[in-house]
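Add chain B to chain A, keeping to what the hints say.
Here the protein sequences line up with chains A and B, keeping their order. The first sequence begins at 1 in this note's numbering and counts up by one. The second sequence begins at 1001 in this note's numbering and counts up by one.
If you are wondering where the hints come from, they were derived from the structure by calculation, not from laboratory data. The C-beta atom is built at its ideal place from N, Cα and C for all residues, glycine as well. Keep in mind that the hints are not guaranteed to be accurate.
[Unchecked claim] Straight-line Cα separation of at most 25 Å, DSS-like style, residue types lysine-lysine; simulated pairs: (1) A/245 to A/229; (2) B/1017 to A/103; (3) A/103 to B/1015; (4) A/249 to A/229; (5) A/218 to A/293; (6) A/104 to B/1015; (7) B/1019 to A/86; (8) B/1015 to A/127; (9) B/1015 to A/86; (10) B/1017 to A/104; (11) A/170 to A/218.
[What the hints assert, rightly or not] Okay, the calculated beta carbon distance ranges per label pair: (12) A/22 to B/1330: 48 to 56 Å; (13) A/171 to B/1201: 47 to 55 Å; (14) B/1245 to A/126: 22 to 30 Å.
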Amino acid sequence: MTLQLHQVTKNFGEHTAVNNLTLSIPEGEMFGMLGANGAGKTTTFRMIIGLLDPTNGTIRWRNAPLSYKNSTSLGYLPEERGLYPKLRVVEQLLYLGRLRGLKKQEIIAEMRVWLERFDIRSYENVKVEELSKGNQQKIQFIAAVLHKPELLILDEPFSGLDPVNVEMLKKAVHDLKQSGTTIIFSSHRMEHVEELCEHLAILHSGKPVVHGNINDIKSSFGKQNIRLKTDFDCRFLENIDGVMKYEEKAGDVWLQVTKDYVAKEVFAALQGKGFVRHFALEEPTLEEIFIEKVGMAYA
Amino acid sequence: MRNFLVVMGHTYLMKVKSKAFITTTLITILFLFLFLNIDRVFGVFDASDPANSTEQHVVVQANEAHYAIAEEQAEEKLLMVVPTGDAEKGEQQVLDGEADGLLILTEASDGSLEAEYKATSTPDNHERMELTTWVDQIHSKHMLEEAGVGEDFQQLISAGIELDFSSLQQDAAEHSTAEERSQTTFLVYILLFVIYFSVIFLGNMVSMEVATEKSSRVMEILISSVSPEKQMFGKIAGIALLGLTQFALIFLIGASSMAGRFQEISTMTGTEMDGGEELFGAGTVSLSLIGYAFLFFVLGFLLYATLSAMLGSIISRIEDVGQATGPLNMVVIAGFVLAVFGLNAPNSLIVTIASFVPFFAPMLMFLRIGMTNVPFWELALSIGILIGTIALFAWIGARVYRNGVLMYGKFRLLQDIKRALNMYK
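Isolated chain A (complex conformation) (with noise of 0.2 Å):
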């Protein structure tokens, strides 16, 4: 475990961003942090990289503070975009590349390759404020990578990017990751948690709801769904022991159950009512699960 947060609250005023929060992330995994507006992912993020001091509790990173003696080996995409608008594409990443303890020719070099890498090459030239916003979010990508982080972290990297742009910094961040790198992101669209992290954490209002691999939370969550097709009606199944909901959606019949056993239950009910066109037992979503749980929290 590299990255542990023990007890970690923050206060602003009155107001508690941050609720002890007790998270830990394995080095050279992707943690997806998960959570509605406001459920304090961004504050835990800036405590993390030391722009913010937690009002109780310790973070510690391969057991030491984190501090800006390392922030070169530290990389953040903040949720909040922003460049210099006026600065060239390559004076931009020189001197954030330089705060990062790089040296120009090395800059440069890696640079080239993100650009090639992203199709802008032509665009180390120009100035920001000329690039359309997806571009500018490259840049900023590039800006967040360039020293070869260790620990990267990234506030909703893919919100407001186009379906093609979205495939293009996915691949970047799942290579980043195969090459060792330690990465954190946060994001309120679960499929890409989903696709891209082993674990995760839903925040709401500063408290982890749910913690962990992403398997063991979807089996542990308790509830699968079933799928059916039939050509006979079959709200009987309603009734049984275990079953939660019962929903007919374009001619499809949708049933939540809390165990495993009930699922063999529903299957043998079935048995001699007729044909059974389709019966399908599916893995809880992550959507699901973060509905189920954040909507709770707010109930």
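Just chain B, lined up with the frame of chain A:
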């Protein structure tokens, strides 16, 4: 340290290359050049405009004795005789444009003179003054003659008396002559203006820089790689360098232009004159004065730049820069106004008190050093208070800056500073 230098270098280079900097520097140099050659500039216009001729053609209507005195005292004025009792002829000459005005001198019953001036248009202030002096002289001369005072005495009276000023303190010799004193006043005034202008101009540049980074949201990336303190002071140092570059350029051009002029004059008049020394009065005095100006510029800049950076860090939009730095600019302006007032009364209590107030000290203590003899302990105390205040505001500023850069929203000066300080806890 490395990051501090990176921030400083970046700030300096980006600004020095900017069109705004190049334009303002060129304009300033142009103004300076015009200012230093102002007499020639006027000369060009004057030469082609006969109305600006300083000569006045005045016809005098007086008896012969009075006319003789008037002519004697007239110096450069060209006079025409108009016999007594022929006022109409004189007036006609004025109306015909042959003369600028008609002076009528008559003797009153008590033996004194009465004077009246008639012209087609009201004379301007300068002409009025000249005429008044002239008539005064005529009157004095007339009265002295009436009283039977001899020619020798009359000359002694008109020569006047020169009051010699000297100080009992030894190092005060520098201001002994009136000429040197006015030179010093002029130099102090120029340097005061330089301090005032640069503190406002560069201070605002600092807050603009910070606000720009904040509003473009590049700030969060910056402070994730370099501490806000280093960033803030790196930026202040970069802009200080920029200011010094500008002054060096202006100073070089100003000095070389002046030196060139003095050479020209000395070749014209055939006298030996060293440009620099003449320009700066008694050499060493002025050099130490320029040294003090530099010291107080640096201290004043540090104080105001720190505050400007702090203010820049709590606003979210560039439009709010004016609102945030307004009060600060007012303080600088108040200091400058006080200093300009103090030029005429450098020993007044208010100037003395203000020279210890850190916000005014850069201008007022400098003024006192230039114009009076400040005991060393007073100077040291004032500079000490100033440095202490800078350190205090740097400390507070760095804290506000650190959190201010993460705050966005509507701008409310005091609440925002409080909020930023609270966030630190």
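Verification of the supplied hints:
1. A/245 to A/229: Since the Cα atoms of residue 245 of chain A and residue 229 of chain A sit roughly 16 Å apart, the hinted pair holds (cutoff 25 Å).
2. B/1017 to A/103: Holds - the C-alpha atoms of residue 103 of chain A and residue 1017 of chain B are around 22 Å apart, at most 25 Å.
3. A/103 to B/1015: Judged against 25 Å, a Cα distance of about 22 Å means the pair holds.
4. A/249 to A/229: Holds: residue 249 of chain A and residue 229 of chain A sit about 10 Å apart, inside 25 Å.
5. A/218 to A/293: The hint holds at about 12 Å.
6. A/104 to B/1015: Holds, because 20 Å separates the two Cα atoms, which is no more than 25 Å.
7. B/1019 to A/86: Distance of about 12 Å is within 25 Å: holds.
8. B/1015 to A/127: holds, 16 Å
9. B/1015 to A/86: Between residue 1015 of chain B and residue 86 of chain A the Cα gap is close to 12 Å, so the pair holds against 25 Å.
10. B/1017 to A/104: Given pair residue 1017 of chain B, residue 104 of chain A holds - Cα atoms ~19 Å apart, limit 25 Å.
11. A/170 to A/218: Roughly 23 Å separates the two Cα atoms, so the pair holds.
12. A/22 to B/1330: 48 to 56 Å: Hint holds: Cβ distance 51 Å, inside 48 to 56 Å.
13. A/171 to B/1201: 47 to 55 Å: holds, 49 Å
14. B/1245 to A/126: 22 to 30 Å: holds, 29 Å
Comparing the model with each numbered hint stated earlier shows that all of them hold.
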